[in-house]
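Under UniProt numbering, the first residue of the sequence shown is numbered 1, with each subsequent residue one higher.
These are computed hints drawn from the structure, not numbers from a lab. There's no promise every hint is true.
[Claimed, not checked] DEER-style ranges, computed between Cβ atoms:
1. Asp86 to Ser66: 19 to 25 Å
2. Val7 to Lys114: 56 to 62 Å
3. Asp86 to Ser11: 21 to 27 Å
4. Glu108 to Lys8: 37 to 43 Å
5. Tyr22 to Ile89: 25 to 31 Å
[Unchecked claim] PhoX-like cross-link-like pairs, simulated, lysine-lysine; straight-line CA separation at most 25 Å:
6. Lys74 to Lys114
7. Lys148 to Lys74
8. Lys74 to Lys42
9. Lys8 to Lys42
10. Lys158 to Lys112
Ideal placement from N, C-alpha and C gives every residue a C-beta, glycine not left out.
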Amino acid sequence: KQSGGHVKIYSEIGAGTTVKLYFPREMAIEDTLVSATSGDIKGGEETVLVVEDDDEVREVAVSMLSDLGYRVVKARDAVAALAIVDSGIPIDLIFTDVMMPGTLRSPELARKAKERLPNVAVLFTSGYTQNAIVHGGRLDPGVELLAKPYTREALARKIRHVL
Numbered sequence: 001k002q003s004g005g006h007v008k009i010y011s012e013i014g015a016g017t018t019v020k021l022y023f024p025r026e027m028a029i030e031d032t033l034v035s036a037t038s039g040d041i042k043g044g045e046e047t048v049l050v051v052e053d054d055d056e057v058r059e060v061a062v063s064m065l066s067d068l069g070y071r072v073v074k075a076r077d078a079v080a081a082l083a084i085v086d087s088g089i090p091i092d093l094i095f096t097d098v099m100m101p102g103t104l105r106s107p108e109l110a111r112k113a114k115e116r117l118p119n120v121a122v123l124f125t126s127g128y129t130q131n132a133i134v135h136g137g138r139l140d141p142g143v144e145l146l147a148k149p150y151t152r153e154a155l156a157r158k159i160r161h162v163l
């Protein structure tokens with residue numbers, strides 16, 4: 001529902017169950033806005049802390065950010081990310097998935113990091129829509145969110161906007 005799709009389930013005793021998921025062909029509102037913006041893709045030299053529990057997604061984000069010129073530090077969960085913040089490594093931006101495993105959630109990571117580093121910027125990312133996340137109580141209204149999946153261009157522009 002949150003993606004504008006629907007599900008069809010067909011089940012027959014002795015034959016099994018078929019589940020079909022239907023999604024809209026295009027939900028790339030952010031990508032559309034990005035492609036409508038003129039100008040080159042710009043990166044930076046700031047330090048970005050990437051917090052993502054999915055190893056493959058984390059490595060893709062790290063690769064994109066490194067290619068854009070950023071210094072990148074990575075963490076698998078919010079507890080590890082907070083340890084990096086506490087280590088004294090200068091962090092300009094925390095790029096974190098909203099839905100993280102463990103006892104420390106991403107919004108709490110953001111609050112604790114800002115207590116320690118008042119000027120740190122935070123950009124959340126999620127496969128869920130912003131509306132679903134805010135209404136589900138996961139994030140406060142007005143936070144910066146980049147929808148997954150994102151392109152290199154969308155990531156670059158959003159990070160420049162947040163920084």
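Query raised in the report: Failing hints, ascending?
Result: Hints 2, 3, 5, 9 contradicted; others consistent.
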